[in-house]
Every structure is written in C-alpha cells, then in structure tokens.
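Quick mapping for you: the protein sequence lines, in order, are chains U and X. Just so you know, the first sequence maps onto residues 1 to 290 in full-length UniProt numbering. Just so you know, the second sequence maps onto residues 1 to 290 in full-length UniProt numbering.
Hints listed in this document are in silico derivations from the structure and should not be mistaken for laboratory results. Don't take each hint at face value.
As a list, the in silico DSBU-like pairs of lysine-lysine whose alpha-carbon atoms are at most 35 Å apart [said to hold, decoys possible]:
hint	chain 1	residue 1	chain 2	residue 2
1	U	K26	X	K66
2	U	K272	U	K118
3	U	K66	X	K66
2 protein chains.
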Amino acid sequence: MRDVTADNITDVFMSYMGEGIDPRLKEVLGSLVTHLHAFAREVNLTHEEWNQGIAFLEAAGAISDKERHEFVLLSDVLGLSSLVDMLHSRPEGTSSSVLGPFHISGSPPLAVGGDLRKDFDEPVLLVEGIVKDPDGNPIPGATLDIWQTAPNGLYSSQDPDQDTYSFHGLQTVGADGRYAFTSVRPVEYTVPSDGPVGDILRACGRHPWRPSHLHFIAEAEGFRPLVTEVFPEDDPYLDQDTVFGVRKDLVMRYEEMPAGSFPAEGFELSGKVDEGYLRVRFDLTLVPRD
Amino acid sequence: MRDVTADNITDVFMSYMGEGIDPRLKEVLGSLVTHLHAFAREVNLTHEEWNQGIAFLEAAGAISDKERHEFVLLSDVLGLSSLVDMLHSRPEGTSSSVLGPFHISGSPPLAVGGDLRKDFDEPVLLVEGIVKDPDGNPIPGATLDIWQTAPNGLYSSQDPDQDTYSFHGLQTVGADGRYAFTSVRPVEYTVPSDGPVGDILRACGRHPWRPSHLHFIAEAEGFRPLVTEVFPEDDPYLDQDTVFGVRKDLVMRYEEMPAGSFPAEGFELSGKVDEGYLRVRFDLTLVPRD
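Looking at chain U on its own, in the form it has when it is part of the complex (with noise of 0.2 Å):
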C-alpha cells in the first residue's frame, strides 16, 4: 500500500496477513492491534508519550527474570489476567482467582483435619468445607493445593527465615468430600512496587496492596481445575485488591469461637488448643469438564 494513511492503516495491517496463517492467531493479533490503533487515535498519542511507553516496556523488560515477573505484575495491575480468569470462569462453580507468582509445586501432604500453623504463636484457625460438583454432590478424591502468607506476610518463596513449604500443603479428600486444617490468618500484603510497575501504580494514586487470602488449587478427575482465592470480609483492602483478585462469592467469614469449644477430635491439633479461635466454613464448587 503505497498510500498508508491514519484512517487506514489498519485496514493495511491486515491486508499484510498472508494467507495460510493459523485463523485463531489471525483473530488475536488482528483485534489486539485494531485496539491498539484504536487507542492512539483516540488519545491522539504523541511522539513523546510512545517514547515513553517504548522506556517503560524496556525497563520493565530488564528488570524480569527467572523470580521477577515484572510483565505478569503490569497485567495483574492493569486487571487483564483477572478478567481472563473471569471470561473462563463458570457460574455454576465457584469463581476463579488469580494463581500470583508465590505458588510453589510438591506440597507435601496435609491429611484432613492436619495442621499448616506448626510453632507460630498466632491464634489458630481452623478451615473447612466440602468439595462438591454444581448439585451439590461431594467429590470424594479431590485434591486441594492450599498456600498462603505467615503472619510476617511473606510467602516461604520471599521468606529465608521460613522453610520451603512452609504455609503449604497438598490436601486429599475422602468419600464425603470435606477438607479441613489449621493455620493462622493469612495478612495483607503489598505486590512487588520496585519497578517500573510500581511506577505506573505511584503515578496513577494507588496502593499496591493486596487483602490478605488463602489460595487454593483444586482438581478431580473429570472436572475443571479451579485456582482461586477467599478473602475475609473484614480485611481493610476488600475493596481495592490492587490485582482484582475479589469475587463475591469468594468473600468468607471469620467466626469467632469461645475458649474451650475446639473439636476433641478430627485434629491435628485436638487436645492442644484450649483458648478461642477463629473458624472459616467454605465450600468449593467444581464444575464437570466438556
């Protein structure tokens, strides 16, 4: 096109696209960049607001590596991986969170009712639920990879003091579905706010603080693998996870139990826990594969 024009440039653009390229990469790349012309005219861009997009990605570029993903904080921040977590969420089950960056793989096992507080001198919490399909049915089997902050609000992967599993644990469920342990409240934290990323938070008046959760990873056979989060309603940060991260339905509640009422057994922790606790009761809802 010897006439490349504003108005027309994306039009060139996709006239370029030769023709045995993969329809789906057609479709991607053919909207992400019919948004991002879209944009420019839009805002009317300048030469000096592109060199600064240009610097941006390049220092965010430079500052990533193995650890640090500084690319997977600007989408979290920026909200495109919540709301891919979102568009492939299903109603009936329940809602999809953000997996983040502190997720480790070979949790050792936690039997139900087994304990992640160990020596912390936190007040125990005990968590449980029941891992069901959309009617409700318990799925016996299921497996929940749970993880979470100590009460410093590092995760063992940000912590030398901690070791490499701590807060970690790979729970299987039996035949009526209900998982349980014990842990302390997992805190409020910020996300990594060194880089550019945390330029861009600076820039635009906001926090890079997350409310404090506890993660979950669960899967059964001939189900859907769910990753997500449950957020206390009570935490300062509920409404303005810098991440997006909060679903309704994954708000819970800590009650709080009196002195002398923790199970007599079922526990790890049966028997040793005499002054009050906090208890959480969340159910997960899986929802059947294709």
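Dock chain X against the given chain U, drawing on the hints supplied.
Structure of chain X alone, referenced to chain U:
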C-alpha cells in the same frame, strides 16, 4: 470493589485512579486499558494465549539492549510507530515517516552539490529539490540531515567496513532554499528478524523487507521539524513496507539521464561524470510552528 466481574472490571480499574492523577495520564492509561480489556473480551482470550503473550514480552525484553530495540521494532511492524507519525503530520506539509534505528548524530557538513558516493562504483544518483513553506516560498538556512544505506543494504552503523559517517551528511541550504547532492541508489533491506518480532512476522506469513529510501530530517527556525523518507516508485516493496512507512506524497521517481548531461558546474562531481546518471527531484515542504 468486592464484586469484580468481566463486565465491570474496566470501571473498577478507572475507579482506582487517585484524585491527584495527571489528567492526561488518566486519559491515556484509561483508554489503553479500556481497549486492552475490550480486546480480551472480544477474542475471549484464553490462559494459554495470555501465557504466550507474557512469554513474548519477556523474550522481547531479554533480547533488548542499548543497540537492539525489539519493542520499537514491535511498534514498527504493528503499524503503531507510523500511526503516531501520521497523527502528527500536517496535510499542508510533506508527510513525516519513521525515523528508524539507523540515524546517528553529528553528521559532517555536506555543501550544496556535495557528494556522498565517494569511492563506490554504482551509477551516480543526483538528488535535488527546494525546501519551502506551504506557500511555496523557499526557506533560506534550512538544514537537511541526510542518510541512507550503502549499496550492500547496510547503514554505516551496521557495517564495520564503512566509515562512521559513510552516506551521512548535513546540508544547509542557501537563500534559494535549494538542496542538492550526489550519491548512489539506496537499496531495500530487512528489519532484524532473528528475534521474537521476527517470529511474529513469520507466523503471520509476512516478510521483513522495507523498500529502499533516502532519509531526511529537515529543520528550520520557526518551522516544525520534519522526519521523513522518500521512496522510488519502482521499488518492489513499495506496496508492502513491513513498517508501513510509505505515503503517497513520499514516492519519487528516478529519471535516467543520458551520458554527457551531468551538470557542468555546481556539483562536487561536475567534470567527473561522463556516463549516464539518475536524477531525483523532490521538494520538502515544512509547516510553520503553531
């Protein structure tokens, strides 16, 4: 917002912007994210595709350094760079076109009529024209920064066999606004295609070629600087420049001039060219500053 959904997440994103935010940043980032979300919804972007996108950005970051600007190249082949150029071109002046990565500062002075061909054997190319305002008046004292490929398709900065300023010159026009120099035909070449952007071109069935061109940066006091390129009408890639740089008014023609007709004076090569040569006449129109 504790009930983020695929439908409201763009509004939630906008609601996170602080009160003190720069209004232009809010406009630009708001539009960018609105389009990003619309894109994801439109194509129902999958987690796998999202992963591919993140991997692409990380690979583009990893290959980038002070010399290699993969994100600029990405912007070029997606048409964004040219679109920004066109959005800020004025219809009353010569169109702007991409600067490209091969401009270098500090080009040596090139007198009107001076020569860039030096010891190269290719046929002489004579380029001349007037630097003028939109009313056709010459602009005395305008400067032209001129650069192009050598006959091997390489710019001096890419080619250890060329001097630093080979095929680079800075010309200041006189009272008549006329510029003139001799050189050789620039040749078509490919953008770097050994990185992630090259992978995109291949997946799209696109080639990495640019049509041959002469680069100019024209500047004069009281006028907007003009960054542009001119392309010969017979170039095989004129209708498919992989970076979308061709504009209708930037197409020029090589006139084949007969042996013995080279100007007898006014050129560094006057008296030294007996054979036929090529001639290009191309005027450059600058637009007054606002």
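>> To test your reading of the hints: which numbers does this structure violate?
In response: Violated hints: none; all satisfied.
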